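Now for the letters of each chain:
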Amino acid sequence: MSASTPFALLANASSLPWAEVPAWPVTEFVRATAGELTRGARLCALFGVPDGAGTRLVAVLAFDADNTLAVARSTPFSGAYPSLTVTHPQAHLFEREVLEQHGLTPMGHPWLKPVRQNNGNAPANGEFFRVDGREVHEVAVGPVHAGIIEPGHFRFQCAGEEVLHLEIALGYQHRGVEEALTGGPHLATMSQMETVAGDTTIAHATAHATLMESLAGTEAPLRAQWLRAIALELERLANHTGDMGALANDVAFLPTSSACGKIRGDFLNLTALICGNRFGRGLVRPGGCRHDLEPERAAQLLERLKTALADTEQAVAWFWDSASVRARFENVGVVFPAQAAEIGLVGPAARACGLVRDVRYDHPAGWHRFAQAPVAVWPGGDVFARARVRSLEIQRSGQYLCEQLAAPAEGDLRSELAPPAPDTLAVALVEGWRGEVCHVALTDAAGRFRRYKIIDPSFHNWTGLALALRGTAISDFPICNKSFNLSYCGFDL
Amino acid sequence: MTLILDLILRLAVWLLLAPLLPGIINKVKAWVACRRGPPVLQLYYDLAKLWRKGVVLSTLASPGFIAGPAVAWVALTGAAMLMPLGPAGSALSFRGDVLLLIYLLALARFCTAWAAMETGSAFEGMGAAREVSYAVLAEAAIIAAVLSLSVQTGSVSLVTMLSPSAGAGAVLLAAGLFTVLLAENCRVPFDDPNTHLELTMIHEVMVLDHSGPPLAAILHGASVKLLLFAVLLVQAVLPMGELPPLGVAGALAAGVLVVTVGVGLVESLLARLAFRRVPLLLTTAFLLCLFALLVAWKGGAK
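Top to bottom, those sequences are chains A and B. My numbering numbers the first residue of the first sequence as 1 and each following residue consecutively. My numbering numbers the first residue of the second sequence as 1 and each following residue consecutively.
Derived from the structure by calculation, the hints contain no laboratory data. For clarity, every value in this text was computed on a predicted model and none was experimentally measured. Certain hints may be false.
What the hints assert, rightly or not - Short, incomplete list of chain B residues facing chain A, as computed with Cβ under 10 Å:
{"no.": "1", "residue": "ARG35"}
{"no.": "2", "residue": "ASP46"}
{"no.": "3", "residue": "GLY125"}
{"no.": "4", "residue": "PRO189"}
{"no.": "5", "residue": "ASN194"}
{"no.": "6", "residue": "MET201"}
{"no.": "7", "residue": "ALA274"}
{"no.": "8", "residue": "PHE275"}
To be verified - Beta-carbon label-pair distances, calculated as ranges:
{"no.": "9", "chain 1": "A", "residue 1": "GLY276", "chain 2": "B", "residue 2": "VAL74", "range": "54 to 62 Å"}
{"no.": "10", "chain 1": "A", "residue 1": "ARG470", "chain 2": "B", "residue 2": "ARG35", "range": "37 to 45 Å"}
{"no.": "11", "chain 1": "B", "residue 1": "ILE8", "chain 2": "A", "residue 2": "GLU138", "range": "45 to 53 Å"}
{"no.": "12", "chain 1": "B", "residue 1": "PRO38", "chain 2": "A", "residue 2": "ASN121", "range": "49 to 57 Å"}
{"no.": "13", "chain 1": "A", "residue 1": "ALA188", "chain 2": "B", "residue 2": "ILE24", "range": "49 to 57 Å"}
{"no.": "14", "chain 1": "B", "residue 1": "PRO38", "chain 2": "A", "residue 2": "ASP311", "range": "50 to 58 Å"}
{"no.": "15", "chain 1": "A", "residue 1": "ASN331", "chain 2": "B", "residue 2": "ALA254", "range": "42 to 50 Å"}
{"no.": "16", "chain 1": "A", "residue 1": "PRO419", "chain 2": "B", "residue 2": "ARG36", "range": "55 to 63 Å"}
{"no.": "17", "chain 1": "B", "residue 1": "ARG35", "chain 2": "A", "residue 2": "ASP423", "range": "58 to 66 Å"}
{"no.": "18", "chain 1": "B", "residue 1": "ALA254", "chain 2": "A", "residue 2": "GLN399", "range": "27 to 35 Å"}
{"no.": "19", "chain 1": "B", "residue 1": "LYS53", "chain 2": "A", "residue 2": "LEU187", "range": "43 to 51 Å"}
{"no.": "20", "chain 1": "B", "residue 1": "ILE102", "chain 2": "A", "residue 2": "LYS262", "range": "43 to 51 Å"}
Unchecked claim - If the Cβ cut is set under 10 Å, some of the chain A residues that face chain B in the computed set are:
{"no.": "21", "residue": "ALA23"}
{"no.": "22", "residue": "THR27"}
{"no.": "23", "residue": "ALA124"}
{"no.": "24", "residue": "VAL139"}
{"no.": "25", "residue": "HIS145"}
{"no.": "26", "residue": "ALA146"}
{"no.": "27", "residue": "ILE148"}
{"no.": "28", "residue": "CYS158"}
{"no.": "29", "residue": "THR182"}
{"no.": "30", "residue": "ASP250"}
{"no.": "31", "residue": "LEU254"}
{"no.": "32", "residue": "SER257"}
{"no.": "33", "residue": "ILE474"}
{"no.": "34", "residue": "SER475"}
{"no.": "35", "residue": "ASP476"}
{"no.": "36", "residue": "PHE477"}
We put the beta carbon where it would ideally sit given N, CA and C, even for glycine.
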């Protein structure tokens, strides 16, 4: 399928000279992108690159079945261009973002609002969609919430208990990460990467490190790739276990809730055993890893991991064995497979709709080229399916970790990196625990970042949560929200 | 004089013992989860703290915002005073006092819902709507239970209705009344008293905007209501008529403790129901009480 594309092809974690990326006038660019999306490609990134007086649009597509990525760009322009969203809704947030960052108007975009633009000390949310009618009432939740979570605003249009429409307004945590990266890499860059989304530290750090390595024309030593894969799965285990506990807590099922809260800590402590930080900060660096895992500590890790996995198995079994819990999750918050494909869901949310979509499998890079975890898929698209996919991934990541820890890669942990190649575009995808983490970097003539684009999986998936709520009882919003468990700061950047 | 002393003593028992129940429930939950949990007396500390605090008032709220919780608390305490206490019987017994009891509970509910809507918050309106819709079904079950007791004893006075040995439908009545107790007191599986998620709350969301002494009145009133239902359940079901007075007092206390621990266990081991399934369970409770009524009417006739 991808063989006949006019797009430039490249593999995950590789780079391409900027001059080799095909450039078309914007109308042609939009038509070509729409054509590829119709043929089954997926939009990983769509962003603007300022060029002279105008701006170029760059699209990064993924052909999952062909294990390849494709890029193309438009010639510089300013003003308006035909919207891609009209035919391919997965582009809707990207186009809103491009308008906000570069002032390019997508003509025909059905809901053109700011994404995270500031208006004083709050985001410019604009007008919310309203449903009229005597029976309809509006419920506004947030940005300040009752629990200790990040800020975001949710606007529900309800008829009684039923939600007709949910609109999510974010941007409260916009820190200007992408802007800060221009002209980089700076001294602070690595720390910024590790805090793009604090619970996805390893995935974002690995994506950035991989990008730097491919810009330098090399890759990290095998032992570092092995260690990154282990840390990535530990991150997945900790977060998925925490999510299972949070789901149980939201339906007031105490046994699993209490146990999973504790076991999540056990998994975090395993990451701390590797690098001294529970969230894996300071482990992954361009060119390798900063902390080694000697055989003694690896053995200790394996032993503690097995205990924690057995505990999780038990806690999750209580959960699935309880009819009262299953009754709360089945047929609640359904996203249909066709919808999921249309809006470009990624990660467990997509796999819970029966879509086989996993970067570790579709676009393997690093250690995943040699050792793969099976993809966990469940049909249904409801809260039950999303919880089920998580519990399957806990099992499979655990199995994967046990196998990989028993067969470590030998060699150096870190290598010196050459300076980044000038005028080069590099793409790195990593399957974080929430889904596909996508980093794209474009260097200038001096080898500094001319543009650095980060797409957290939450950017794709927030729309999925809004769709899941349609026709669902408003009292089921918390379990729908937890079943996605998306990042606010990863979206707000 | 004796009457006044009797009333004061009863009032003291109800007001002082009631906050113990939520503490016991929380201890049971903590014990099941292998946690240490808050102290059994936590609610007393909370009430003392709230009583000393100031009140934050919405500029939109009418005096009903404060009056609602106050009236509700008085109504609940009044209802408690009507309830006979084992060997001590009742101080304010009269023919038809059971009707007054049911109406006092309804008055308390009305006042809480009224105060909830005072601030105009979408959350509290939602909570009030939920509370009154489920109350329709819970009240039906209570009325059926009271009728069955009334038919069984041929009386409409609480002292006579609750004092003799249990009727033939005691098991049905126990199941029905326990379910109503869970629903009326906003416990799992109907509501989650511990949740922080406004969108899923029933009772808790109605009192979100209350603070200080009014909130203390609401919390204390809720604990009195829990004790009231526990006492009602135990006396309606346990055959205590033949026991000596001390035995009756012991059996009553033990019964209330068992009910409280039962609530804690249900809360530890069961997930909450989805709202759309709540009516099913409440209707089941109503049917159980209705069958108890049938048994009392046809089966239990002497």
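Tell me the hint numbers this structure goes against, listed in increasing order. 2, 12, 14, 18, 21, 22, 23 and 29
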